[in-house]
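Dock chain one against chain two, each of which comes alone in its own frame, and use the hints as you go.
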Amino acid sequence: MKESKRDFITGAEVVIKACRDAGADIMYGYPITPTCEILSGWINEGYASLQTEDEIAAGFGVCGAVLAGQKAFTASSGPGHILLQDAFAMAEGMRLPFVMIVGQRGGPSSGTVIYSQQEVMLSCFGGNGEGMRFVYSPSSLNELYSLTRLAFNDAWKYRFPAVLLTDGYMLKTTGVIEWEKIKDVENSPTFTRLSDGANVHWPNIYTAEEELYEEVMVMNKDYKKAASKVAKAEEYLTKDAKILLVAHGIVAASAKEAIVELRKKGVKVGLFRPTTLRPFSKKQFDKAASNKSVKKILVAESSLGQLARIVHDEMDPEICKPFAYLQKPALGIEIEDIYNFVLKNNK
Amino acid sequence: MPEAKFCVGCGHPIALMALNKVLDEMGLTKKAVLGLDIGCSLLAWNYLPVNTFQTHHGRVTPTMLAFKRARPGSICLAYAGDGGSYAIGWQSLFHAARRDEPITVIVINNTIYAMTGGQTAPTTMHGEKTPTSPNGYPDEPFHGPEILKDIVKPGAYIARTAVNDMAQMRMFIKKAIETQQAGHFSLVEFLSLCPVNWHTNGPDTLKFLEENMKPVFKVGEIAG
Chain F
143 MKESKRDFIT
153 GAEVVIKACR
163 DAGADIMYGY
173 PITPTCEILS
183 GWINEGYASL
193 QTEDEIAAGF
203 GVCGAVLAGQ
213 KAFTASSGPG
223 HILLQDAFAM
233 AEGMRLPFVM
243 IVGQRGGPSS
253 GTVIYSQQEV
263 MLSCFGGNGE
273 GMRFVYSPSS
283 LNELYSLTRL
293 AFNDAWKYRF
303 PAVLLTDGYM
313 LKTTGVIEWE
323 KIKDVENSPT
333 FTRLSDGANV
343 HWPNIYTAEE
353 ELYEEVMVMN
363 KDYKKAASKV
373 AKAEEYLTKD
383 AKILLVAHGI
393 VAASAKEAIV
403 ELRKKGVKVG
413 LFRPTTLRPF
423 SKKQFDKAAS
433 NKSVKKILVA
443 ESSLGQLARI
453 VHDEMDPEIC
463 KPFAYLQKPA
473 LGIEIEDIYN
483 FVLKNNK
Chain Z
3 MPEAKFCVGC
13 GHPIALMALN
23 KVLDEMGLTK
33 KAVLGLDIGC
43 SLLAWNYLPV
53 NTFQTHHGRV
63 TPTMLAFKRA
73 RPGSICLAYA
83 GDGGSYAIGW
93 QSLFHAARRD
103 EPITVIVINN
113 TIYAMTGGQT
123 APTTMHGEKT
133 PTSPNGYPDE
143 PFHGPEILKD
153 IVKPGAYIAR
163 TAVNDMAQMR
173 MFIKKAIETQ
183 QAGHFSLVEF
193 LSLCPVNWHT
203 NGPDTLKFLE
213 ENMKPVFKVG
223 EIAG
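If you read the protein sequences in the order shown, they are chains F and Z. Converting from the first sequence to the numbering used here requires adding 142 to each position, the first position being numbered 1. Converting from the second sequence to the numbering used here requires adding 2 to each position, the first position being numbered 1.
Please keep in mind that the hints were generated in silico from the structure rather than gathered at the bench. Quick caveat, the model's predicted, so the values are computed rather than measured. Fair warning: there could be bad hints in the mix.
What the simulated footprint calls covered on chain Z by chain F, stretch by stretch (three residues with Cβ under 8 Å from a Cβ of chain F suffice, anywhere in the stretch; the number is not a length) [as the list claims (entries may be wrong)]: (1) 22 to 35; (2) 39 to 48; (3) 175 to 187; (4) 215 to 223.
Backbone N, C-alpha and C fix where the C-beta goes; we use that ideal spot for every residue, glycine too.
For reference, chain Z alone in the conformation it holds in the complex (with noise of 0.2 Å):
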């Protein structure tokens, strides 16, 4: 395995991680996809040894969609962060999940856009600053979940967890990729760790996970 890209405390390799360990126990390592959006997920790919490309900002959900059309048989796994998901690429992740495409989509919340500077992204906090957001963010964040809720299909599967949570993470990922072995679409939302644009040293970085996310954005399971 290469070294990983990532920064020092970053959560995208804790959640990568918990992905492999599921794939590896369904033994479904080799039938895997992981198609990549923009921004610090695109680290990741080359990170798992699993089939994995590289796609535009917004765009994962799209493209992964149509790969799981031509190759049913794929475990398809559309990972990008909370910009990709929730900003830019939102009407595309909406209409997925509104027309139950049977795919699995991973999203990392860390309340910013990490890869370029920290600025505020959908699901930055009332009050969080950020370069875009200077003297705090006025509006509420952006409950991606919360929404798809209400629009998936019976037999659909959405979450939300935490990187610091190795047991709920691995066994939300495999009831996503259950749900999609089923037929149905599925997100599991990872709240992330981002210590380097949250200006935190390691226990902080914890901290802001505990006291100031988790009481904003529900960690369980949202549909399914």
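This is chain F alone, in the form it adopts within the complex (with noise of 0.2 Å):
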């Protein structure tokens, strides 16, 4: 932890000093925009790194240092991410802790550089199998220090793979962090079951269905007993509140700012902000939902519904309120754009 409170630096820097600050020994990455940075910043600092010559060497980088016992990481964005997945798969299926700082771009494609939520469901379940990973979205840069390390405790005890979920915008801008009011926490140890001799045989193919059946469930089991304490959600201002807002990221961050705004016009709104976009925070956002005083349910987002997807999946279906969704795929919204959109709601 930094010897000043106060700090005006760039999310990438952030990241990185996260990353450092959680054990990281090494980076494997490929240039992509919005997160070069990350890369380039490493490896200006001295720490261990390589470039790769694609993202699925990056990927299977991070396995193979991780299969090794050390703690590794990478950072990519959109069509970086895609190929990425094949790696973060494979961690998920020999249960290896990987952390991947995903810088979203627009899509799809190659689409834009620097801003949107469109990999929220690549994050979540971009592979051939449950999703059996963590999803930590930040919402300002105190959170995308405190959130990066999280995601790798997280990774390392529970032994599933964690992607710290941000922007470009987040990352590029500089911005005031506050130290003082970020906890430090203890970093979870690192862990290889291949020790000299062990003589172990780590499998990631199965023969028989039956074999793998049995692998899954009891990653299951696993992945459920760690959901309970890794998903998380910030409630603000939703005790009263007549309207339920619900986003994350820097949408959330506006969102926020929205509120105060109307809360000045007597306008009962609340938000709802999962910090973890998986596991989902489900008990507490049925809760939440079905307080009485919620008559609607608003999911902000920039991206065509890949939040308001979550969150119908995860909602008990017994909740019965009305939805309206302001989506703007790949473009910023402003303070605003929540604003008026909530008072346009609220008739």
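As structure tokens, then:
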């Protein structure tokens, strides 16, 4: 933890510091906007790294390092994130802790290079499995730091891969980080099953269907157990809220600001902000959404419903409340957008 | 040692036994870690008394080189077929060789994708018939070691041997491991046998190796 109480730094610098403080030994990466500064910044600090020939090699590099007992990570975006899902699926299958910093950019395809919230589904369910991974979505620089630390700690504690899901606005712009508000945490220890002479045979592919079934069911049990500790959300002024806004990442930061203004006008609006998109804080959401005061649920996001899909999938089907959506794929959502959207739905 | 899951007449167990003998002789069994590609190579996962792990198709090289970077004292062996090495995994293999990553890559060349039914591989020879080249493969085969020879750094070791020459296999593997210990990249390609997909009996299998493969893929030391 730094001596000075506040710093004026970029999100990429925050990520580098968080990864280092989390005990990361090495970064494997391939340059792609908007995460280049994480790779170059990490290398310029003199930390161990390899710039690989593509994101595939970066991802499997992370796997190899982790198999050997190191803490390793990578960072990418969009098309690079797609390639990384190859190794990420292996990490899921082999229960390898794996941390991937994703700076979302506009999609599909090469899209735009700085911002979107369109990599939610890819982060949560991008593999050929059941989506047993942790996905964290920070709303501020302080949280970018603390959730990156948490991603490492949870990944190594529960042995599931983790995504720190952010975007280029967060990574590339300079802002204030308030160190005194960040609680220091102890790092999870590293591990390896492949110590010298252990004679361990670590599978990734199974001959019998029953064998894989057993494996997946054990994984499911472990994931559910971990989920009860890992899933987190923040509620802001939800107690008496007539309108429940749901947003994540920097859209949620806009939402908070809008709520302050709306409350001044007497509009009873509150925010439910999942800080983990997977596992989703289902119980907490159901409680907030089923609150009698809530008349309408609004979901705001920079995609065509990737967050809304998670909310609908996770929400108790007994909860019958009308929904409305503010969806701007790959476009920033500003305070005024949310302010006007809430007012429109408060009639 | 568990019973081999390889087909009768397969070349993999011969190559693996040669590897095992060399590791044993060099006293490196406990330090060795065998990373496996997907394809028939994956069946080697519980065959030798060394640490092993399976990866994805084409991904054993980047996984293994990171393992080596994390644990420089380990003897890191990346074991793959011709497809995993020269097709889907070529980009990573090429750059690992170029960067002189101190790992040993073992390539089993049987001229086809054996696990999936004998389809055309980068090593399929001109005129060879496979399920995806039913009229005979129209192109020339890919010579991985000969291409890598021109891009590796001094000190690297590249060789090709065949599974019907135990003495040569053991000599080349030993040199490859010594190369890794000296901090350089090494690769040994093994001309192997696949009677199941070649549709050959015992004598014809060896004949295919000697008369069809060896004239096309020259055995011997190629670099180092």
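Verification of the hints:
With 4 residues having a beta carbon nearer than 8 Å to a beta carbon of chain F, the region 22 to 35 of chain Z meets the requirement of three or more and the stated coverage holds. Residues of the region 39 to 48 of chain Z lying with their CB closer than 8 Å to a CB of chain F number 4, which satisfies the three-residue condition for coverage. Note: the region 175 to 187 of chain Z has 0 residues with beta-carbon separation from chain F under 8 Å; the three-residue rule is not met and the coverage is violated. Counting residues of the region 215 to 223 of chain Z whose CB lies closer than 8 Å to any CB of chain F gives 0, so the stated coverage by that chain is violated, three being the minimum.
The earlier numbered hints that this structure contradicts are 3 and 4.
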